[in-house]
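Engineer: Protein chains in written order, with UniProt numbering: chain A, 1 to 416; chain B, 1 to 416; chain C, 1 to 416; chain D, 1 to 416.
Simulated from the structure, these hints should not be mistaken for laboratory data.
All residues carry an ideal CB built from backbone N, CA and C; glycine is no exception.
Everything hinted at is true.
Quick partial rundown of chain A residues pointing at chain B, CB under 10 Å, derived from the structure:
id, residue
1, R274
2, K336
3, S386
4 protein chains.
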Amino acid sequence: MAPTKKANILDRLNNGEVIIGDGGYVFALEKRGYVKAGPWTPEATVEYPDAVKQLAREFLRAGSDVMQAFTFYASDDKLENRGNKAQETHSGRKINDAACKIARDVANEGDAMVAGGVCQTPTYLTTQDEGKVREEFRKQMEVFVDNQVDFMIAEYFEHVEEAVWAVKCLKEFNVTVAANLCIGPEGDLHGVTPGDCAVQLVNAGAEIVGVNCHFDPPTCIETVRLMKQGLEKAGLSAHLMVQPLGFMTPDCGKQGFIDLPEFPFGLEPRIITRWDAHKFARDAYDAGVRYIGGCCGFEPYHIRAVAEELAKERGHNPAGSEKHDSWGQGLYLHTKPWVRARAHREYWENLKPSSGRPFCSALSTPSQWGVTAGDELLKQQKGETSCEEINKLAQHSCKIKQIESTEVPTLTEGGH
Amino acid sequence: MAPTKKANILDRLNNGEVIIGDGGYVFALEKRGYVKAGPWTPEATVEYPDAVKQLAREFLRAGSDVMQAFTFYASDDKLENRGNKAQETHSGRKINDAACKIARDVANEGDAMVAGGVCQTPTYLTTQDEGKVREEFRKQMEVFVDNQVDFMIAEYFEHVEEAVWAVKCLKEFNVTVAANLCIGPEGDLHGVTPGDCAVQLVNAGAEIVGVNCHFDPPTCIETVRLMKQGLEKAGLSAHLMVQPLGFMTPDCGKQGFIDLPEFPFGLEPRIITRWDAHKFARDAYDAGVRYIGGCCGFEPYHIRAVAEELAKERGHNPAGSEKHDSWGQGLYLHTKPWVRARAHREYWENLKPSSGRPFCSALSTPSQWGVTAGDELLKQQKGETSCEEINKLAQHSCKIKQIESTEVPTLTEGGH
Amino acid sequence: MAPTKKANILDRLNNGEVIIGDGGYVFALEKRGYVKAGPWTPEATVEYPDAVKQLAREFLRAGSDVMQAFTFYASDDKLENRGNKAQETHSGRKINDAACKIARDVANEGDAMVAGGVCQTPTYLTTQDEGKVREEFRKQMEVFVDNQVDFMIAEYFEHVEEAVWAVKCLKEFNVTVAANLCIGPEGDLHGVTPGDCAVQLVNAGAEIVGVNCHFDPPTCIETVRLMKQGLEKAGLSAHLMVQPLGFMTPDCGKQGFIDLPEFPFGLEPRIITRWDAHKFARDAYDAGVRYIGGCCGFEPYHIRAVAEELAKERGHNPAGSEKHDSWGQGLYLHTKPWVRARAHREYWENLKPSSGRPFCSALSTPSQWGVTAGDELLKQQKGETSCEEINKLAQHSCKIKQIESTEVPTLTEGGH
Amino acid sequence: MAPTKKANILDRLNNGEVIIGDGGYVFALEKRGYVKAGPWTPEATVEYPDAVKQLAREFLRAGSDVMQAFTFYASDDKLENRGNKAQETHSGRKINDAACKIARDVANEGDAMVAGGVCQTPTYLTTQDEGKVREEFRKQMEVFVDNQVDFMIAEYFEHVEEAVWAVKCLKEFNVTVAANLCIGPEGDLHGVTPGDCAVQLVNAGAEIVGVNCHFDPPTCIETVRLMKQGLEKAGLSAHLMVQPLGFMTPDCGKQGFIDLPEFPFGLEPRIITRWDAHKFARDAYDAGVRYIGGCCGFEPYHIRAVAEELAKERGHNPAGSEKHDSWGQGLYLHTKPWVRARAHREYWENLKPSSGRPFCSALSTPSQWGVTAGDELLKQQKGETSCEEINKLAQHSCKIKQIESTEVPTLTEGGH
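All chains, please: the whole structure from these sequences, using the hints.
Structural biologist: Here's what the structure looks like:
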């Protein structure tokens, strides 16, 4: 299980290669039945390794150059947050270790690289204590080092401060670090601009910077563009990376898709098409990004679309194109003549897909609780959330909502 | 690989049990990279059996009582239609056989039944010759008999005449037959009403009748309702079955979702949520349907939602509920308070999900080529479709479309 | 003020002429500031005769062949319903008389016909007493006879029973009667089909039958088609008439646009374009209707569009076309080249106009109180509605609505 | 016809009074049949003075403090542009003079002020010659001075340069000048920011500055906010004014609603409700604007809504409220209980009105010809536009459009 010869990501990026990432494990495996929405933790690596491996294999086949170990939210503190039993049952060490082994197995089936991953911690939200937070990352890093991952991804950080701590911690282990925030053009949750965030991350040691999750492809590309400008202005340079949502979210506020009323169980109408993924890949490339993948909502066929769009630049189609003639030309074999008539690029590139939902609006209004930068409500806990707490939150939510919705008025005589 | 003790579907239905079917293999495996859109044939059973088996396992875990062999469109004539190489490379016999073995293996992991499946043939469209069409089914049946399937599903028929031939052919092998048309309330493509279709199918020997594919859940339930009325009026009875699309398609015409401009590569905004699946399960149950599953677009989590909705009637939740607290209550463990506030049924049941696509309309206009009941253009062929043919079809399509869209006018002086 | 030489509407219809009606007075004058939404009564004929006359003149100029006296809801019982002071201040007689004089004055400016009008009464809803109801119509008819109107329109009836009483009462005065219900394809509020309604109206003596108000143009045309079929089946014949809403209302239930949440102060996004009016005129003509006009929402320019669409059949454009080159060709004179590029029929005929409202849905759910056919709540009264009553109604409405909308749940521990 | 005692607008604004303007004459009179869309010139003042006067009277009744003479686009060069015959038939002098007399007559019915108006000229687009442009304004000013208007409005300028010339010309006549550009937050068509525009206008002598037309209420308010900031930064001050479109246009580009595909004959679904007008009035007031009115699309009832929203600040409701109980309370008198249930503010304030058009999208893509700042295509001419020219423009438009829409592909064998 030694690193493959193609393992050095920096060499490859320095050589101008386009690196394709993978898609979103938590969302895909939630739909397949192996991850629970809510905690979103990856104990499936221990419980259902074959299911995780199958998904990894699909991303590999779709064109991913990187098998990212499925270690999202697998810090010890998250695995025991709010009644989560994963830490107690399996332990973070075992979950992270199993993830690395799955990633390596599949990577070796196709000469891909293996990346370890860390992300934001409940400890940061609750304590803002650098020492405690870094300790969480350190415990995970030991496993990644044992498993000789090819490089590290620090991702899904809403606060650049915590991301900087993560990068510093990871760099102590002498690995290449790609650092991704889950922010949009407005910057992190304390108001640090994307440009300044990028500067801080590079100064902390990250060789690759960018964004992942929380926003749709166009918004993420725009954010990376702002990061690039910030770096240039500061006289710095770094490789750029982008792994957006596989959902259309133009109506997001600063906190991203978490705040949309559809999160996480009603996002279906927002799922991107393969043609949206084509456009994303081209736009990211044109913006100078060379590490291009996806996050929540990106299924294997979306990654395949990225790989097909960039086939010329990369010199080859992905293995999965065996079952996908580009731009709909598989429809040459369809039995209905009017469907065969759709077997060309112009058709799909210009399609404006309908939702079939005339009682739904195109955009929705994000939750606006305004507690992002350190409210008491954000503190995490080991104990289970109680029904009482949920009732209180639901009532609070209704109250906020009533500002924009119907309530029973109490009119007084003469009021008209 | 003998039938399980729970194998007799008629006994179970007669006892009032609710049987849950599986979801859509071709669409799910297309997105995973193992089926080609266009031909939609299941040679993956031979080429990528592990990928097929994984999906079957997910449906089992989600609550499916039936493992339907992945033999959709696996008649010999379809496997060599319009340049398809699957027949030549693998042969229909091997593809069907592998599908049966996968289905039985997974069924045995969970005490489920195995169903074989046949569907409409290119031979019918091209020849309308009963002998030739039945010969296609007969070849498949030999494999199903060898594999001792528990019962047969004849499904996805647009013409009741062909479906009746299929039922008659299958009944010669002394098996229970569930017969499903892919029609809507307007009836089959020759204008036979759903009620009359049901009567013909039952008279031909089908013990279970219903519809699958082509229309969304509400439309399919309405169609089955019409079938039920037809049977009652004729003094017949049968068990009812429904396996609709996992897409919202209120704008469909008589021919179903094939005609929507979004078919097959732009259907994402129409994907149903798990809550739509809940509603579907309840509505189907209330309409008297007791075999309830899904077709194209139904992913494992949709089947799980069906099983959760009917948990009380069935006496148990599916295995997959281990990772899914009903009605969003997994969000008790979410880190953000405003997301925890969504952890209750009222929230999700009333959500009207936005598309995030303000430049797209809610509904679209189906293709209306009007060639459904026997045009020359519908004839199938063994040879590949040529570019010239596609160009001609695309031009024809543009012409039809121009009736509803902008073209450059040629005005003459004085015309205003 | 004698009838003009063109006054006999039956002669004109019998000669195959297309008669163009006028548009909607109450809605247009409400927006101009002279009618109050709620009571919708026409005391403006006495209070602001110039404003009423100006609107009539605009309809005349737009092509209307009929000046319908603005006597909508001007029965004595309505003029004093729920605190309305119009009866007390002006009296029904004066309001109806002033309306007739305005109509005749304007008609004489352009050789048009004058029609009197009666519509449904609160007395019917409250008493269902034929004698009392006919007495209301009789009082109005005396004024119409005094003013020598050219024919009568009995319109806006939700219950065919009351409409039949109206026709019988009017025929006693020896006038031509056009009878219009405000129903859709589902029939009147007691479930009488459009076909049966038409038969009853013709049998009662109406020479012209059709529908007005409550539904959009396509729905109204469909309803008249059903009326025509009913008449043919009964071996009867009559001239057909249609005066629909100037709003798009495909989401209406049986009771029409009154039930839409947007009624009456949020209907703007539903207003039809002039091109919708063109299509309406053509479709109505093709359905065999020869008396074509509009109701609420139809402004002068919509009537002009009807007249322009049928200019060839009628042999002339309306006077108002002086200021309107057909199909947008006035844009020949626009300063911007890209706007001049829109100066042709294909452009406007194919435009799908956007709402500019991405947070609104395309369709909405009508109120469904289910009290249409005689609930106590429908009883009318002379006294003002009190705040208390409104509060009670609003609470009832919220309750109905909560079925489809969010409420605060009360969860119990262990409920998840 | 002497000025009224309330005539000094500056005194009134300096005293903190809220001044309400009128609505859109060209659009309202186009729908009533007296103005031609395309040239949009006001010869109706001579041809149909009663119709113009009636509309003015409605605005007065709705609460307008200013009767703006209907002299939009009434410069001599516009009245003979592209085949317009108004100059030849009537002459600019007569049209402007008739407009002033109508305005004064109606103003005197209600103690309102009279404003003259000038706007951008074809001469500017064609020559950019200050002398020639000012000569056009000078000819109009002579009429306004003869008629003793109370103050002048220079409005609807896309280029601040021309607006500055206008202000300078007007100030030579020793009148108070309100200067309005038809720009959005991106600034004028040469890229001058709103802040800089405001500074230039005040430096040229304007006492009141703001924007009118081209954008919806929220966009116009945002633009005036930017103007205010610009003035403050420059140490200048002026009274602020806003008269936006009565259409929702969030999808506009820099050039405003002219570029929307719906302009001018398909804007109906974008029409604002009275509740949108309420919100506009409040938002404008809160932004510090004290001269608040409307432009194209603002009908009398929209102005009434502005006056009702600001009734408390102004100390009185408009005369027109006689027929309008605020916030829908006229529905107390409605016959249907579920409509009476809507008789309160919360209902209407929270309504999200549906379009009834599920085949239309919420937003559309503006024309993007990119010729705004001086292309040859923008040059105006006295002669009529020919069919040939329109054909050429339509072809050009199709070409631009094909970038985003379907065309017939020419595929070559092997291309798939």
